[in-house]
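Residue numbers (this note's numbering), protein chains in the order written: chain A, 16 to 146; chain B, -7 to 307.
Just so you know, these hints were derived from the structure itself, not from any lab.
Incorrect hints may appear among the rest.
If you want the footprint, here are the derived chain A segments under chain B, 3+ residues with CB under 8 Å [unchecked claim]:
| hint | segment |
| --- | --- |
| 1 | 97 to 107 |
| 2 | 119 to 128 |
Negatives, chain B to chain A, calculated, CB over 12 Å [as the list claims (entries may be wrong)]:
| hint | residue |
| --- | --- |
| 3 | Pro(-2) |
| 4 | Gln37 |
| 5 | Arg68 |
| 6 | Leu70 |
| 7 | Thr71 |
| 8 | Ala81 |
| 9 | Leu120 |
| 10 | Arg131 |
| 11 | Tyr145 |
| 12 | Thr163 |
| 13 | Ala167 |
| 14 | Gln227 |
| 15 | Arg231 |
| 16 | Thr279 |
| 17 | Ala299 |
| 18 | Leu300 |
Glycine included, each C-beta is placed from N, C-alpha and C at the ideal position.
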Amino acid sequence: MGNLGVLERLLMDVLWESGQSLPANELRDRLLSPAAAAASSKPLATTTVLTVLSRLEKKGFVTRDRDSRPHLYRAVTTRAEHTAELMHEALGSAPDRQAALARFIGNVSPQEADSLRRLLSVSTTGDRSGS
Amino acid sequence: MPGAVPAAALALSALAVALAWPLPILLSRARWPARSPALALVLWQSIALAGGLSMIGALLGFGLLGFGANPLDGIRSLTGNLDAAAVPAPFVHVFALAAALLLAGHLLLNLAATFLRAEVQRRRHHHLVALLSEPLADRPGTRVIDSAAPVAYCLPGALTSATVLSRGLLTLLDADQLRAVVAHERAHLLQRHHLVLLAFKSWRSALPWFPIATRAETAVGLLVEMLADDQARRQVDDRTLAMAIALVGSAPGPTGSDDAPDATSFAWPDHPFDLLTPRLRRLVVATPRLAAHQSLGVLAAAAGLLALPTLLLLG
Chain A
16 MGNLGVLERL
26 LMDVLWESGQ
36 SLPANELRDR
46 LLSPAAAAAS
56 SKPLATTTVL
66 TVLSRLEKKG
76 FVTRDRDSRP
86 HLYRAVTTRA
96 EHTAELMHEA
106 LGSAPDRQAA
116 LARFIGNVSP
126 QEADSLRRLL
136 SVSTTGDRSG
146 S
Chain B
-7 MPGAVPAAAL
3 ALSALAVALA
13 WPLPILLSRA
23 RWPARSPALA
33 LVLWQSIALA
43 GGLSMIGALL
53 GFGLLGFGAN
63 PLDGIRSLTG
73 NLDAAAVPAP
83 FVHVFALAAA
93 LLLAGHLLLN
103 LAATFLRAEV
113 QRRRHHHLVA
123 LLSEPLADRP
133 GTRVIDSAAP
143 VAYCLPGALT
153 SATVLSRGLL
163 TLLDADQLRA
173 VVAHERAHLL
183 QRHHLVLLAF
193 KSWRSALPWF
203 PIATRAETAV
213 GLLVEMLADD
223 QARRQVDDRT
233 LAMAIALVGS
243 APGPTGSDDA
253 PDATSFAWPD
263 HPFDLLTPRL
273 RRLVVATPRL
283 AAHQSLGVLA
293 AAAGLLALPT
303 LLLLG
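Let's have the full structure, built from the sequences with the hints guiding it.
What follows is the structure, given as structure tokens:
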């Protein structure tokens, strides 16, 4: 999810901003905004856009409506959902990431969290009565 | 003397069984590792390595007997006569030899695959962190993620490593507690704990039918945390560190409070014991380090375990 190419990222931005289904040539036209033009010096061909779109479809970012002519493309999630998912991953709580990083506190069982909470409340009230 | 030689293979099998079952159980139940986690970590590594060597050695020792009066002879005749017809070896010996090679290959390939997979995950995670966090002022190598959940972790890397904190952690902890957390994470990075953890993870995934491997991985994970805690204790007093652990440990997890119980525990489905209580216990209750002669004893045991399989095979 974090590893989108520049062009993929730009296309997703267009789709997220429009919030609707768009055909590839329409997407290409919207990509020719100043920001996009700065990222790639050459004007984009519609076939390039189609290639990127099919890659995005494979990655699960985009769905294609095959009934209409030309095909219409739509973002699968909203930008907010996408960001939330990335954030969850970045916080290191995804199970497949356990090997890659060491968390200060790993996964705490609910019982252990409860007993810690009890300990903390005892120690803070103890402070207050002591001082 | 054909009678004396199978004894070596038998002794190696006995050693392999001892290292796979009773010894790790004893060590995982012992109390002293909390007093000297570094020594316990050495002993765990020696048990795992000697266990693998004795398993392979037992098969190898038995297999080579088909080719010579003792293992060294067997190697000599095997390398000397590669026209297989010259050595009429019984099938069981050939089978044991093949099993030894397969087991060794399996363990090594699994180790390589585990390290590769972790490296790929780390790269991806570095990328993600670069996107979603910002550097913390006047602390190089430390980055802050804008999230309410209190989270701290370190992300080792071949070239760059990072300590990642969340906004929630910065608001939850005071300056000293935060210093303890950062020192703890730094220690993981400096002492390269991820390498030990990965080795044990690979042992577990290579031998999934081995009940001990999970226990070993958990014990080693805890020891590594204790080692990092000990580094943090050089910077802050024990009480501050204990407070930091208790505060972060009792805060709701990053998944949010609604679905937290399941979402936070599923990554460790059969986690045999709680990991925070032992860390806290040694901060709150005085736990003196092992005495010098006890430490020497542990080191001697670790060295002896490592030497034993080779001595048994060749001696």
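Cross-check of the supplied hints:
no.	hint	result
1	97 to 107	holds (count 7)
2	119 to 128	holds (count 10)
3	Pro(-2)	41 Å, holds
4	Gln37	17 Å, holds
5	Arg68	43 Å, holds
6	Leu70	39 Å, holds
7	Thr71	39 Å, holds
8	Ala81	42 Å, holds
9	Leu120	4 Å, violated
10	Arg131	15 Å, holds
11	Tyr145	4 Å, violated
12	Thr163	15 Å, holds
13	Ala167	16 Å, holds
14	Gln227	14 Å, holds
15	Arg231	9 Å, violated
16	Thr279	18 Å, holds
17	Ala299	31 Å, holds
18	Leu300	30 Å, holds
Taken one by one, the earlier hints fail for this structure at numbers 9, 11, 15, listed in ascending order.
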